[in-house]
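Chemist: Take a look at the letters that make up each chain.
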Amino acid sequence: MKRTVPLVITFIVGLVLIAAMFIPHWPFTGLDSKFSIFYDVIAVFAFILGGGNLLKVHLSRIQNRRRDWKYSIVTVSGFFLMLGAGLLKIGVPGGWTGDYQADGSLLKYLYDATFQPLQATMFSLLAFFVASASYRAFRAKTKEATILLLAAFVILLRPTPLGYYLTFWLPKPLQFLHIPNLSTWIMSVPNMAGQRAIMIGIALGIVSASLRLILGIERSYLGTEGKD
Amino acid sequence: MIILESQPILTTPVAHAVGVWIASLLTLMIFSFLYKDNPFYKFAEHLFVGISAAYWMTVAFWTTLIPNMIARLWPAHMGGVLPAAVGQPREWIYIIPFAFGIILLTRLVSRIAWLSRWAMGFVIGFAAGTNFTRYLQSDFVSQIHSTMVPLYQPGATTASTIGNIFSQLVVFGGVVSALVYFFFSKEHKGAFGRVARFGIWILMAAFGASFGYTVMARISLLTGRMNYLIQWVKGASW
Amino acid sequence: MAEEEKLTIIERLGAVDRRYVFLLIAIAVIIPLVLHYATSIPTSEIVQSLFDKIESLPGGSRILISFDYGPSTVPENQPMANAVTRHALEKSHRIYLMALWPTGSRQSQQLIDEIIKVEFPDKVYGVDWIHLGYKAGNQGLINTLLSDFKGMYTTDMSGKPIDSFPMMKDIRTLRDFDLIIGLGSGFPGTKEWIQFAGDPGDIPVGGGTTAVMAPLLYPYYPKQMVGFMGGLQGAAEYEYALVKKYPKYAKRSRIASTTMGPQVTAHLVIVAFIILGNITYLLERRRKRKYR
Numbered sequence: 001m002k003r004t005v006p007l008v009i010t011f012i013v014g015l016v017l018i019a020a021m022f023i024p025h026w027p028f029t030g031l032d033s034k035f036s037i038f039y040d041v042i043a044v045f046a047f048i049l050g051g052g053n054l055l056k057v058h059l060s061r062i063q064n065r066r067r068d069w070k071y072s073i074v075t076v077s078g079f080f081l082m083l084g085a086g087l088l089k090i091g092v093p094g095g096w097t098g099d100y101q102a103d104g105s106l107l108k109y110l111y112d113a114t115f116q117p118l119q120a121t122m123f124s125l126l127a128f129f130v131a132s133a134s135y136r137a138f139r140a141k142t143k144e145a146t147i148l149l150l151a152a153f154v155i156l157l158r159p160t161p162l163g164y165y166l167t168f169w170l171p172k173p174l175q176f177l178h179i180p181n182l183s184t185w186i187m188s189v190p191n192m193a194g195q196r197a198i199m200i201g202i203a204l205g206i207v208s209a210s211l212r213l214i215l216g217i218e219r220s221y222l223g224t225e226g227k228d
Numbered sequence: 001m002i003i004l005e006s007q008p009i010l011t012t013p014v015a016h017a018v019g020v021w022i023a024s025l026l027t028l029m030i031f032s033f034l035y036k037d038n039p040f041y042k043f044a045e046h047l048f049v050g051i052s053a054a055y056w057m058t059v060a061f062w063t064t065l066i067p068n069m070i071a072r073l074w075p076a077h078m079g080g081v082l083p084a085a086v087g088q089p090r091e092w093i094y095i096i097p098f099a100f101g102i103i104l105l106t107r108l109v110s111r112i113a114w115l116s117r118w119a120m121g122f123v124i125g126f127a128a129g130t131n132f133t134r135y136l137q138s139d140f141v142s143q144i145h146s147t148m149v150p151l152y153q154p155g156a157t158t159a160s161t162i163g164n165i166f167s168q169l170v171v172f173g174g175v176v177s178a179l180v181y182f183f184f185s186k187e188h189k190g191a192f193g194r195v196a197r198f199g200i201w202i203l204m205a206a207f208g209a210s211f212g213y214t215v216m217a218r219i220s221l222l223t224g225r226m227n228y229l230i231q232w233v234k235g236a237s238w
Numbered sequence: 001m002a003e004e005e006k007l008t009i010i011e012r013l014g015a016v017d018r019r020y021v022f023l024l025i026a027i028a029v030i031i032p033l034v035l036h037y038a039t040s041i042p043t044s045e046i047v048q049s050l051f052d053k054i055e056s057l058p059g060g061s062r063i064l065i066s067f068d069y070g071p072s073t074v075p076e077n078q079p080m081a082n083a084v085t086r087h088a089l090e091k092s093h094r095i096y097l098m099a100l101w102p103t104g105s106r107q108s109q110q111l112i113d114e115i116i117k118v119e120f121p122d123k124v125y126g127v128d129w130i131h132l133g134y135k136a137g138n139q140g141l142i143n144t145l146l147s148d149f150k151g152m153y154t155t156d157m158s159g160k161p162i163d164s165f166p167m168m169k170d171i172r173t174l175r176d177f178d179l180i181i182g183l184g185s186g187f188p189g190t191k192e193w194i195q196f197a198g199d200p201g202d203i204p205v206g207g208g209t210t211a212v213m214a215p216l217l218y219p220y221y222p223k224q225m226v227g228f229m230g231g232l233q234g235a236a237e238y239e240y241a242l243v244k245k246y247p248k249y250a251k252r253s254r255i256a257s258t259t260m261g262p263q264v265t266a267h268l269v270i271v272a273f274i275i276l277g278n279i280t281y282l283l284e285r286r287r288k289r290k291y292r
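Chains as they are written, first to last, in our numbering: chain A, 1 to 228; chain B, 1 to 238; chain C, 1 to 292.
Note that these hints are calculated values from the structure, not bench results.
A hint or two may mislead.
To be verified - Below, computed lysine-lysine pairings styled on DSS-like, alpha-carbon distance capped at 25 Å:
| no. | chain 1 | residue 1 | chain 2 | residue 2 |
| --- | --- | --- | --- | --- |
| 1 | C | Lys251 | C | Lys91 |
| 2 | A | Lys34 | C | Lys150 |
| 3 | C | Lys288 | C | Lys53 |
| 4 | A | Lys34 | C | Lys160 |
| 5 | C | Lys123 | C | Lys160 |
| 6 | B | Lys186 | A | Lys143 |
| 7 | C | Lys288 | A | Lys143 |
Since the structure is predicted, the reported quantities are computational estimates derived from the model, not experimental observations.
Make a model of the complete structure from these sequences and hints.
Modeler: Here it is as structure tokens:
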């Protein structure tokens with residue numbers, strides 16, 4: 001029950017979806033469509049599970065007075081405030097039937113005042129670290145590192161006036177070395193070739209991993225409990 | 001349901017100004033990390049974790065759980081929340097994702113957490129089944145197909161034809177040699193090693209381009225936040 | 001003595017506190033913003049292809065725009081959404097706004113409030129444009145929509161029955177759309193639109209992604225993707241193409257071009273950092289060789 005049932009479910013669902021691609025007829029097309037909708041609905045429970053897990057971790061941290069437990073109070077309070085605002089549709093014009101994040105709703109207000117700036121700023125911090133990395137770690141130590149550096153250099157210069165004025169004077173036969181042209185070439189030729197090779201490699205990995213999962217060879221997602 | 005019907009308090013100029021101040025202060029709290037880790041940053045970081053989890057849950061609840069599951073199982077009872085569902089036939093088949101969803105939540109209860117594997121089995125099976133075909137088609141077969149293109153384009157000028165042939169050869173050679181580099185079952189020596197070395201150069205050019213674009217992306221995000229702070233200082237709206 | 005002084009400067013430069021680097025980057029971004037320094041970028045072929053695709057579709061074509069991003073990448077993705085929407089509505093196409101990300105529906109709402117309602121007040125909701133909002137499921141959602149669009153979208157964003165809107169009457173699957181535009185910043189995003197809709201359904205897919213994602217999508221162009229905008233630069237290029245074709249947008253469609261100003265100065269600062277970092281590295285290496 002603990003291991004066989006999930007393996008059988010994985011096998012049936014995986015096989016039906018592969019079959020639906022090659023046999024686009026009843027019953028496979030119908031099952032493909034229904035399984036997809038089921039998957040979408042189960043995804044919502046994954047959000048709930050995520051929230052539940054977050055609460056479990058932070059409440060236990062508060063209960064046991066572990067390191068930084070006071071900040072866990074902030075997390076839990078923020079969680080309940082946002083959840084209450086959204087699920088109870090606080091301030092929504094039109095009441096229960098209104099849009100849950102319409103103008104005037106507490107959810108929208110909290111989104112604009114807290115979620116939006118926090119997420120945006122959190123990501124913008126990376127600009128500083130990437131600049132610092134450029135200065136400290138981006139060195140032409142080897143031939144390979146020099147190629148990497150030169151490619152990045154051309155890409156970075158492309159939108160700048162310097163990128164234009166450095167090479168605009170080149171004669172026509174050498175215009176392919178003009179930085180905007182060179183940048184386009186780097187993106188659509190060596191970059192594309194490199195990314196394509198990586199893409200093919202990843203695709204082969206995913207295809208083989210999918211087969212291993214469907215056939216029950218790969219079982220790590222089941223954990224170790226109840227192992228025969 | 002709590003409705004602030006008499007006066008939409010949260011749309012008043014005062015509420016708006018308070019919101020802008022909260023947003024700006026939270027922005028500064030996050031930026032304070034650049035100096036060093038501090039309690040203000042930790043506060044903002046922990047708040048972010050809590051509100052984002054709750055926001056995603058709320059959105060998923062109102063956009064998917066209610067209209068796509070609850071309303072299909074109990075349409076007659078949806079009048080107060082989703083009037084569009086009333087009168088629709090009940091679809092019992094949706095008891096399946098409902099059951100799987102509840103089973104997934106057993107992960108939170110240690111004693112019966114093993115039950116959640118059934119739902120995981122469905123999720124993994126779906127992901128494996130769809131990924132198998134989609135990756136094979138889009139990222140494998142189509143990529144090989146796109147690499148094998150005619151070198152000569154009818155109607156092109158001589159210069160562009162030479163350039164085009166050169167570029168196509170670099171693409172073809174680049175893809176093959178980078179794949180050779182990824183092949184570790186044979187030692188990278190002799191001709192095989194030289195091809196692999198060219199593959200590394202191609203990959204390095206790709207990583208360089210990625211680095212350049214990453215810098216570009218991060219600066220754009222910083223510009224957005226700085227612009228917000230400048231507007232706040234100027235007293236403009238959010 | 002002079003040699004020693006030179007060495008000290010190199011060492012100091014190499015070990016400069018990273019907070020000075022942070023400060024310089026902040027200044028490089030703030031000054032052009034305050035001075036409103038804008039710059040326009042001529043359109044590259046890959047962006048022009050997307051523009052041409054929208055331009056070439058006959059009026060009334062159905063374009064699905066998916067908002068697969070959140071506040072973290074608004075500065076890059078929102079100008080793309082604005083430019084593409086202006087273009088599509090200018091050409092009298094019908095646009096369908098949806099989201100694969102929970103945060104996406106707030107961004108599509110922002111587009112509605114700032115662009116559609118303000119610049120195209122004559123366009124009718126449910127006839128010319130519709131707000132479908134977010135649904136859970138990631139790539140599973142695309143898979144569903146490919147076979148049964150209304151199986152997931154039973155109502156619009158406000159909860160009205162989907163069949164009550166004229167523009168939804170003939171929509172059964174994703175194949176009924178003339179173009180899908182995925183504006184994304186990660187998973188799920190433009191890549192998944194190609195894999196789960198474009199390729200299996202033979203539907204034209206275009207997109208706009210953050211600059212981080214852009215290099216990864218080049219292998220799909222031009223066979224599996226009609227064109228795309230990479231980062232803020234891609235958005236600015238689309239604006240350039242739009243203004244060139246429709247000069248009346250010269251004043252309005254400038255968000256990306258305006259924010260490209262700080263982008264340019266910050267790039268120059270980072271290029272200077274790389275050069276300086278390498279000079280100190282080379283001098284240090286020479287010094288080590290000398291004393292070895």
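Chemist: None of the hints should be skipped; say for each whether it holds.
Modeler: Going through the hints against the structure:
Our distance criterion of 25 Å between C-alpha atoms is met by lysine 251(C) and lysine 91(C), whose separation comes to about 19 Å. The straight-line distance between the Cα atoms of lysine 34(A) and lysine 150(C) is roughly 12 Å, inside the 25 Å bound, and the hint therefore holds. Distance hint between lysine 288(C) and lysine 53(C) is unfulfilled; the C-alpha atoms sit about 58 Å from each other, more than 25 Å. Annotation: proposed proximity of lysine 34(A) to lysine 160(C) holds, straight-line Cα distance about 23 Å (limit 25 Å).
For a cut-off of 25 Å, the pair hint linking lysine 123(C) to lysine 160(C) stands: about 19 Å separates their Cα positions. As the CA atoms of lysine 186(B) and lysine 143(A) are separated by approximately 24 Å, the hinted pair is consistent with the 25 Å bound. In summary, the hint linking lysine 288(C) to lysine 143(A) is supported, as the alpha carbons are separated by about 20 Å, within the 25 Å threshold.
Hint compliance for this structure: hint 3 is the single one not met.
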